[in-house]
Amino acid sequence: MTTDSHATAAEAGSTDWADKHYLLVDDFIGIRILLRESLRNLGARHIDQAASGGEAMKLLAKTRYDVVLCDYNLGEGKNGQQVLEETRVRNLTAPSSVWLMVSAEKSVESVMGAAEHQPDAYLIKPITEGVLLTRLNRVWHKKQVFREIDQACMEKDYLRAAKLCDAQIEVNKLHELELLRMKASLLLKSGEPEKARAVYEKVLADRDYSWARAGLGKIRMNNGEHEAARQIFQGVIVENKYYIDAYDQMAVAYQLMGQHEEACGVLEKAARLSPNSVPRQRNLGLAALKIGNVGMAEKAFRKCISIGEFSVMKTPDAYLGLARVCGLKKDAKEALQWLLLAQREFSPEQIGLRAKITEGMVHHETGDYRRARKCGDELEAMLAEDPARPEKSICMELATLLFAVGVKDAPAGLLCYVVKNNHDNQVVQDEVQKIFDKAKMGDEGTSMIIASRKEASDLMNKGVLLWKTDKLNEAVSWMRAAREKLPNNLRILFNSAQIIVSFLQQRGYQAELAAEAMEVLLYVDKIAPGQQRFAQLMEQLVQLTPPPAPEAELVALEKAPPAAENPGKSVRERAG
Amino acid sequence: MEDQHSSPELFLFLASTVHDMKNSISVVSGTLESLLAAEQAKDVPQADPAYLQMAQMLYQTKRLNDNLIQLLALYKEVGKPGYPFDVQPQLVSQVIDQVVDQEKILLLSKGIRLETQCPPDLIWTLDEDLVIGVLAHAINNAIRYTRDTIRLSVREHGDLLELRVEDNGDGYSQALLEAGSAAMDGMAAGVNFSTNSTGLGLYFSSEVAKMHKHRGSSGSIALENGGALGGGCFILRLP
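These protein sequence lines are chains A and B, in that order.
Each residue of the first sequence is one higher than the one before, counting from 1 in this note's numbering.
Each residue of the second sequence is one higher than the one before, counting from 1001 in this note's numbering.
Calculated directly from the structure, the hints in this document are not laboratory data.
Think of the CB as a built atom: it goes at the ideal place given N, C-alpha and C, for glycine as much as any other residue.
Any given hint might turn out to be false.
Take a look, some chain B residues computed to stay more than 10 Å from chain A by CB distance [unchecked claim]:
#1 Gly1030
#2 Glu1039
#3 Tyr1051
#4 Gln1053
#5 Met1054
#6 Gln1056
#7 Arg1063
#8 Leu1177
#9 Gly1227
#10 Ala1228
Okay, derived cross-link-like pairs now, DMTMM-like style, lysine to aspartate or glutamate, Cα gap no bigger than 25 Å in a straight line [stated by the list, open to error]:
#11 A:Lys173 to B:Glu1162
#12 B:Lys1213 to A:Glu201
#13 A:Lys440 to A:Glu365
#14 A:Lys142 to B:Asp1101
#15 A:Lys143 to B:Glu1224
#16 A:Lys173 to B:Asp1121
#17 A:Lys142 to B:Asp1086
#18 B:Lys1213 to A:Asp245
#19 A:Lys142 to B:Asp1148
#20 A:Lys269 to B:Glu1128
#21 B:Lys1210 to A:Glu385
#22 B:Lys1210 to A:Glu239
#23 A:Lys173 to B:Glu1156
#24 B:Lys1213 to A:Glu385
#25 A:Lys142 to A:Glu239
#26 B:Lys1042 to A:Glu129
#27 A:Lys202 to B:Asp1121
#28 B:Lys1110 to A:Glu129
#29 A:Lys142 to B:Asp1121
#30 A:Lys374 to A:Glu385
#31 A:Lys143 to B:Asp1121
With the sequences and hints as input, model every part of the structure.
Written out as C-alpha cells, the structure reads:
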C-alpha cells in the first residue's frame, strides 16, 4: 500500500502518549477490551476501566487522569455527559487533560446538547487506533493553542485573553473560527458588546453559524432591544430547530418584555425537544409557577427531580417549587414531605432559609395562618440573630411572606437593604415598590425607597470625593467601611476596587491591598458577570502585579505581540 | 420524526437495541482487524484459505456497520434541521488519513493497493464524521469492482473541494450510473434497490453532500467511468 501523506506517523511523535494515565468508561466489556488494546498499542501502560458512571466517578475522585474515553450511553445511572459535568464541577481533571466522548452514533443529544460542559471531541464507534491517535493529537495540539488563553481566563483577565486570541489567529488558520468564537465570548464577558458584535459579523460574512447569530441576539438583548433580540432567536430556530440555546435565550427576551405566557411556551417547546436538561426543566417550572400554570409547573419540577437524581446539576429550586405547587393545590401534607426531602438532599447553607420561607408560604396558601405566623416569627428571629442578609431575590421573597403573616418592621428593613444595594437599579426598585403596595404600605414604601437610595449614594460620593481630593488612605478605608455596610452594591464595590488600583498606581505595589481589590472584583463578577469595569480593572490590576519569577517575565516578553498598544506595557518597562 | 414523540418508549428501545448491535459489531470488526494485523505482521505469503475467509468476514462486517450507521442517520433524517450536522474547518489531509486508517487492514488482507493524494495544508469546512463515512463507504464499494488498485484523491477545483475514489476495474454498469444521478435528484424512491445493494449508500452520500451548503451552492455526488485508473469513479464535491 502506498500513501502520499505521512501526517499520522509524524504526529505520533508530537506528544508522548505512553506515560499518560487513561480511564476507559463503557458498560460493554468487549469495547473496553478493544480500546484497552488500542491504547496499549500506542504504548500506554496506565489504563483504568469503569463499567458505569458511578464507578467512573469513584476512580476520577482518586486519580488525576490525563485522558478519559467515556461512552455516552452507560445504562443505568449517570450517562457520559453527567459524568463529564460532575468531573468538571468538582475539578477532578486538570485543564490540560483530554476528554473524548464516545458514542455508537451521531446523535442530537450528544452533539447539540448545548451543554455547559463540552468534551474535547466526539468519537463514533467503531474506533480504530488511527482515528484515536489522530483525535488525541488534534486535541493536544488545540490545547497548546488555547493554553495561554485558558490561563488568562482562569485569572479572569478577559481582555488579555481576547488579545491572546488575536495573536493565535495570526498563526493558526485551522483554529481561526474557534478562536474568533472564544474572542467574542471573552469580549462579552468584558462588557465590550460592540467589539463582540464586530467579531460575530465577521464570522457571519463568511458563513452562517447559529452560534454567531445567537451571539448577535444576546448583544441586542443586553442593549435592551428585547424585541429585536427575540426576532433574531426566532430566526436561528427557523434555520436550525435543534439549536436549543436559542429557545432558552428567546424565553429570557420574553421575560424581559414581561410576556411571561410566551416565555413559558418557548421553554415548554425547548423542554419537549431536549427534555433531559436539569436547568431547563427548572426554568420551565419557575416560569409556569409565575403565570400560575400549576399543572405545567408540577410536571416540570417532577421531571427536573427525576433527571437530576444522578446529576451534579441537581437543584433545590425543583424541590421548593414542587412544595409550592402542592401548597397551591391545597395539599399541605405532600408539600411538607417535599420540603423534608429537600432538607435531606441539600445542606442547610444551601436551603435553610429558603425552606423555611417556602414552608411559611405553603401554610399561608393552605389557610393555616397560625403555622404561617409561626414560620414568620422564626424567620424574624433568624434575621435578628445574623446580621448577614441573603441575596436579593430571597430577601424579596422573605419580605413578601413576612408582610403576609402580619410582620411590618423586619420586611421593610429587608426591602430597604435591597434598595441600598441596588440604588441605581430602577427595575429592582419597582419590584420593591410592588411588594410595599401589596402590603398596603405604598406611600411609606416610596419614602423609604427614596431615603435608602440617598443613603447609599451619599456613602459612595463621600468616598469618591476623598479619592478625587487625593486623600487616598482615607478613601480606601472609607470605601472598605461602605462595603461592609452594603456588601452587594455594585457601584460601591467597583469604586472601592478602582480607588485601591489608583492607590497602587500612585503609591507603589502592595500585595495585601492588591489581594483586597482582587477579592472585591471576583465577588462583583460572581454576583453580576459581564461588566466592562470588571474587565478593565482586572486588566489594570494584573498589570500592576509583579511577575512571580524571572522566567515568567521572559515568557511574557516573548509572547507579547510587538504592536500591541497597552498589554504587557508595564511588564516590558519593568524588564527594560 | 413524528413517531419519536408518539411512542418515545418504543423509540428508546429500538435506539438502545441498535447501540447494542453496534457495540457487538465493533467488537467483531475490531477483533478481526487485530487477528488479520497479527497475520500480516508475520510477513509470509498469505494464501491460507482461513486468512482469506477472515478478510471476507471483515469486509462483510464493515458493510453491516456502514449500513447501520446510514440507517440510524437516515432515520434521524439527514438533511433535515434535526440532524446534528456539525461543520468545522478541518485539515483535509487529516480526514483522508483517518479514512485510510479505517480501511488499511481490509485492503491489505485483500491485496489491494490504496494510493492517496492530498494537498498537505488544505483546510476545508465540512462535517468530518459524515465525510469520512461517505469516503469509507465508497472505498468498501470500490473493493468489489477493482482489480488491485484504488485511488483516493483530493483537489480544490474552482470553488469546490473535489474528493474522488477511483478504481481500475471494469467501471460501473449503466444501471448504477443511472442510480447515481437518481440519488442526486433526491429520488430515494427512484433508486432501484433490486439492481444493486448500494442504493442506500448512494442516497446517504447524496444527502450528506447536499447538506454542505455555502454561499448559495451545495455539494453533490457523481458516478463516472474512466478517471485516473480507467475504472469506476465516485466523486464527492463540497462547496
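These are the hints, each one checked on the structure:
With a closest Cβ-Cβ approach of about 4 Å to chain A, Gly1030 (chain B) is found to fall inside the 10 Å limit, against its non-interface label. No beta-carbon of chain A comes within 10 Å of the beta-carbon of Glu1039 (chain B); the shortest separation is about 16 Å. For Tyr1051 (chain B), the condition that its CB be more than 10 Å from all CB atoms of chain A holds, with the nearest at approximately 17 Å. With a closest Cβ-Cβ approach of about 21 Å to chain A, Gln1053 (chain B) is found to remain outside the 10 Å limit, as its non-interface label requires.
Non-interface call for Met1054 (chain B) relative to chain A: holds, since the shortest CB-CB distance, roughly 17 Å, exceeds 10 Å. Look at Gln1056 (chain B): its CB is around 18 Å from the nearest CB on chain A, clear of 10 Å, so calling it non-interface holds up. Every C-beta of chain A lies more than 10 Å from that of Arg1063 (chain B), the closest at about 13 Å, which supports listing it as non-interface. Every Cβ of chain A is farther than 10 Å from the Cβ of Leu1177 (chain B); the closest lies at roughly 29 Å, confirming the non-interface assignment.
Under the 10 Å C-beta cut-off, the non-interface status given to Gly1227 (chain B) relative to chain A holds; the minimum distance is some 17 Å. Every CB of chain A lies more than 10 Å from the CB of Ala1228 (chain B), the least distance being 14 Å, so the non-interface label holds. Only pairs whose Cα atoms come within 25 Å are accepted, and Lys173 (chain A) paired with Glu1162 (chain B) is accepted, the gap being roughly 21 Å. Between the alpha carbons of Lys1213 (chain B) and Glu201 (chain A) the distance comes to roughly 19 Å, so the proposed pair stays at or under 25 Å and holds.
Distance check on the hinted pair: Lys440 (chain A) and Glu365 (chain A) sit about 19 Å apart at the alpha-carbon level, within 25 Å; holds. Only pairs whose Cα atoms come within 25 Å are accepted, and Lys142 (chain A) paired with Asp1101 (chain B) is accepted, the gap being roughly 22 Å. About 43 Å separates the Cα atoms of Lys143 (chain A) and Glu1224 (chain B), which puts this hinted pair outside 25 Å; it is violated. Proposed proximity of Lys173 (chain A) and Asp1121 (chain B) is supported: the alpha carbons are some 10 Å apart, at most 25 Å.
For a cut-off of 25 Å, the pair hint linking Lys142 (chain A) to Asp1086 (chain B) stands: about 18 Å separates their Cα positions. Between Lys1213 (chain B) and Asp245 (chain A) the CA atoms are separated by roughly 23 Å; this keeps the pair inside 25 Å, and the hint holds. Of the pairs offered as hints, the one joining Lys142 (chain A) and Asp1148 (chain B) is violated, with about 39 Å between alpha carbons and a cut-off of 25 Å exceeded. About 30 Å separates the Cα atoms of Lys269 (chain A) and Glu1128 (chain B), which puts this hinted pair outside 25 Å; it is violated.
This hinted pair does not check out: Lys1210 (chain B) and Glu385 (chain A) have alpha carbons roughly 68 Å apart, beyond 25 Å. With a C-alpha separation of about 16 Å, the suggested pair Lys1210 (chain B) and Glu239 (chain A) falls inside the 25 Å cut-off, and the hint holds. With a C-alpha separation of about 17 Å, the suggested pair Lys173 (chain A) and Glu1156 (chain B) falls inside the 25 Å cut-off, and the hint holds. Between the alpha carbons of Lys1213 (chain B) and Glu385 (chain A) the distance comes to roughly 65 Å, so the proposed pair goes past 25 Å and is violated.
The hinted pair formed by Lys142 (chain A) and Glu239 (chain A) fails the criterion: a straight-line CA distance of about 30 Å is larger than 25 Å. At most 25 Å may separate the alpha-carbon atoms for a hinted pair to count; Lys1042 (chain B) and Glu129 (chain A) meet this at roughly 20 Å. Between Lys202 (chain A) and Asp1121 (chain B), the direct Cα distance comes to roughly 23 Å. Compliance with the 25 Å bound is thereby established for this hinted pair. A distance of roughly 20 Å separates the Cα atoms of Lys1110 (chain B) and Glu129 (chain A); the hinted pair therefore holds under the 25 Å criterion.
For a cut-off of 25 Å, the pair hint linking Lys142 (chain A) to Asp1121 (chain B) stands: about 16 Å separates their Cα positions. At roughly 17 Å between alpha-carbon atoms, Lys374 (chain A) and Glu385 (chain A) fall within 25 Å of each other, so this suggested pair holds. For the proposed pair Lys143 (chain A) and Asp1121 (chain B), the alpha carbon gap of about 20 Å is at most 25 Å, so the pair holds.
Hint violations for this structure: numbers 1, 15, 19, 20, 21, 24 and 25, all remaining hints satisfied.
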